[in-house]
Amino acid sequence: MLQTQYPSLALPRGRLFSALHGLLAGSGAPVEPEDGEARTLVIERAGWRLLFARPGDVSLLVERGVADYGCTGKDRLLEQPSDVVELLDLGVARCRLVLAVPVDHPAAHAAVNPGRQGTIRSIATKYPRLARRYLEGLRLPAEVVVMHGAVESAPALGLAEAIVDLVQTGATLKANGLVEVDTILESTARLIANPAAYRLRPPAVDEWLRALRRATEGQVHEN
Amino acid sequence: MSRFARSTDGARELLSGEAERLEALSFRISRLFASWGYRLVEPPQLDRAEVYGERAGGPRAPGLAGSADQEHLYRLLDSDGQLLALRPDLTTGVARLAAGLLGDTQVPDCTQAGCADAGAPFAPAADLPLRLRYEGDVFRRSASGSGHARSQRQAGVEIIGSAEPEADAEIIALAYAAARAAGLGEPRLVIGHAGLIHGVIAGLDCADGKQTGSTSRRWLRDALQRRDLVALERAAGPELAGLFAGGPYRPADSAAILGKLADHCRGTEAAAAVDNLLTLERLLAAYGVPQPYLDLALLRDLDYYTGMVFEVLSPAVPSAIAGGGRYDGLLARFGRPLPATGFALSLCTVAPYAVAAQRSAERPRRNLVAWLDRTRDVARGLSLAAALRAEGEIVETMAGARDLSSAVATAAARAVDRLLLVEGGGYREVRLGRGASPASRAAAQAAGLGTGLGIH
Numbered sequence: 001m002l003q004t005q006y007p008s009l010a011l012p013r014g015r016l017f018s019a020l021h022g023l024l025a026g027s028g029a030p031v032e033p034e035d036g037e038a039r040t041l042v043i044e045r046a047g048w049r050l051l052f053a054r055p056g057d058v059s060l061l062v063e064r065g066v067a068d069y070g071c072t073g074k075d076r077l078l079e080q081p082s083d084v085v086e087l088l089d090l091g092v093a094r095c096r097l098v099l100a101v102p103v104d105h106p107a108a109h110a111a112v113n114p115g116r117q118g119t120i121r122s123i124a125t126k127y128p129r130l131a132r133r134y135l136e137g138l139r140l141p142a143e144v145v146v147m148h149g150a151v152e153s154a155p156a157l158g159l160a161e162a163i164v165d166l167v168q169t170g171a172t173l174k175a176n177g178l179v180e181v182d183t184i185l186e187s188t189a190r191l192i193a194n195p196a197a198y199r200l201r202p203p204a205v206d207e208w209l210r211a212l213r214r215a216t217e218g219q220v221h222e223n
Numbered sequence: 224m225s226r227f228a229r230s231t232d233g234a235r236e237l238l239s240g241e242a243e244r245l246e247a248l249s250f251r252i253s254r255l256f257a258s259w260g261y262r263l264v265e266p267p268q269l270d271r272a273e274v275y276g277e278r279a280g281g282p283r284a285p286g287l288a289g290s291a292d293q294e295h296l297y298r299l300l301d302s303d304g305q306l307l308a309l310r311p312d313l314t315t316g317v318a319r320l321a322a323g324l325l326g327d328t329q330v331p332d333c334t335q336a337g338c339a340d341a342g343a344p345f346a347p348a349a350d351l352p353l354r355l356r357y358e359g360d361v362f363r364r365s366a367s368g369s370g371h372a373r374s375q376r377q378a379g380v381e382i383i384g385s386a387e388p389e390a391d392a393e394i395i396a397l398a399y400a401a402a403r404a405a406g407l408g409e410p411r412l413v414i415g416h417a418g419l420i421h422g423v424i425a426g427l428d429c430a431d432g433k434q435t436g437s438t439s440r441r442w443l444r445d446a447l448q449r450r451d452l453v454a455l456e457r458a459a460g461p462e463l464a465g466l467f468a469g470g471p472y473r474p475a476d477s478a479a480i481l482g483k484l485a486d487h488c489r490g491t492e493a494a495a496a497v498d499n500l501l502t503l504e505r506l507l508a509a510y511g512v513p514q515p516y517l518d519l520a521l522l523r524d525l526d527y528y529t530g531m532v533f534e535v536l537s538p539a540v541p542s543a544i545a546g547g548g549r550y551d552g553l554l555a556r557f558g559r560p561l562p563a564t565g566f567a568l569s570l571c572t573v574a575p576y577a578v579a580a581q582r583s584a585e586r587p588r589r590n591l592v593a594w595l596d597r598t599r600d601v602a603r604g605l606s607l608a609a610a611l612r613a614e615g616e617i618v619e620t621m622a623g624a625r626d627l628s629s630a631v632a633t634a635a636a637r638a639v640d641r642l643l644l645v646e647g648g649g650y651r652e653v654r655l656g657r658g659a660s661p662a663s664r665a666a667a668q669a670a671g672l673g674t675g676l677g678i679h
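Protein chains in written order, with my numbering: chain A, 1 to 223; chain B, 224 to 679.
By construction, these hints were calculated from the structure, which means they are not laboratory data. Even glycine gets a Cβ: it sits at the ideal position worked out from N, Cα and C. It is possible that part of the hints are untrue.
From the structure, some residues in chain B lie toward chain A, with a derived Cβ separation under 8 Å [what the hints assert, rightly or not]:
| # | residue |
| --- | --- |
| 1 | Arg-450 |
| 2 | Val-453 |
| 3 | Pro-538 |
| 4 | Glu-619 |
All chains, please: the whole structure from these sequences, using the hints.
Written out as structure tokens, the structure reads:
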């Protein structure tokens, strides 16, 4: 936990960082574009402490108090609930969690209904919790196959009939011969906080949060 | 490596240093609670799962993951088919215990030797409010691999039978005193109130005719429980959400914030809550406790807390140290509708940060009593150990040491202050800890005897 004026901020590496860094820089956080590819895990700069982690680990760092604040996707927050405060919708890295099937699958051109048992028998996903909740809502007793990456390859490999995966442009789906059948949820990047750190935040952090909110409102929203 | 070499994730195992720190903290806290007149009770660790209800009805444990929902209970089937659960909190069991004792059953007051008052009720109504204290482990099931602790040691207190703000103030002041007793720097008190949230819900119902009471209540309750201020803003609008997100407010700013909040409230609950908070402010000043900060988003268990809620935070600690509030509906579940207020403190969360109360000069001296001849010297060795222990010193014994230098090596490794080597008709004292430098300890180890040692 900090005693310094500025907070420690956990940031995701990779694609999510590219979407975030402009916004964070606009709020006054000392973030550089190349930080997303940095080899080091911790960067101390201008009184801030920046921690770079895999996207799935950001909320863990914040929950444990290793970082006071963090940026992560709403999809991750829903998949793995953590004891963190969700402060701000950053409006970037917009994507959808969808159910997708191969173009030649019967479900591709018919709605997936409750009661149509057996329409889809297995689903591969990196989001088992959200997938299961979605299936329960549809009363669809499909098996959930948990994968850690390249989920879009599952139907072609015969691992599962369908997938539940995150989609931005839809290009990856298309390239793998898949079509969206249903949208499960929309997700954007969120600012989260450690509850105790948030309750003890100094005025400098309040100012930063206000600046970040202004930067969020001022940006051109992505489609 | 044996498959039992480590325990399962989240199961708590403490080694000597940590365990002793926890014990010392526990001792200090229970002495403090006792000194304010709280009497010790022990609720059962295992109980019927239904005691913990559908939503468990218990308070959130600070520092422990998971809500009090059924899915977080460790449940087991007894041999007679009864569904039992490991307690997820202490308050529920204490409430049930107290409700039972406050009923018609007469229970001997066994605080007196020989149960002289056998037959007298534990607490006739004239003895209310009851002040009870408790300590023990609570258990919450968490996703495996999540790294969350599955058990947590808590210490807590309850005042049962008083609806007065004096009881709430006492609880808050005692929590603050506990944080100070643990040696935590600058504890901060943060307070909220259920009445304010109910007022806001009533206001939302008025503002949007489409939303029924149950809908407003549900999403607001859910958003607060998940700490989802984004959802709060979406549903309640930026002004109201800003009031929730902007906390905790300094005491000086609280009145203004409550004024702004009043614009969003309907009904009498919010005004009554504000009055209550003002009264608490005055009473806490009388205790000499710093004024609490106001945080509207503090209340997370709307179904459980009925009045003030509070937390104690410290800059050193990454989660709340203690938390509690007023829960007037709990004892009614056990057949004795009585108001209650209390808090629990997470000993496990606090222990690593608690400052040791005793400086080393005050702690008992640690000795190693060793003897070389297992037959000739054992009686003298043991009686020397007993005599020192009777004087409050800590004594480890070592039978059959090979020679002086191996005894010295063992003593140094055990970090004792003094080695007493029993031989022949008496014993030699070799000082190692206080009064000896590390260099002389090392020299003693190497040479058996040397400078810096006192040999008698």
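Against the structure, the hints come out as follows:
Hint status for Arg-450/B: holds, given a least beta-carbon distance of 4 Å to chain A, under 8 Å. Residue-level restraint check for Val-453/B holds (minimum Cβ-Cβ distance to chain A is 5 Å; threshold 8 Å). With a least beta-carbon distance of about 6 Å to chain A, the hint placing Pro-538/B at the interface is held under the 8 Å criterion. With 8 Å as the threshold, the beta carbon of Glu-619/B stays out of range of chain A, its nearest partner Cβ sitting at about 38 Å, so the hint is violated.
In summary, the structure is inconsistent with hint 4 from the numbered list given earlier, while agreeing with all the others.
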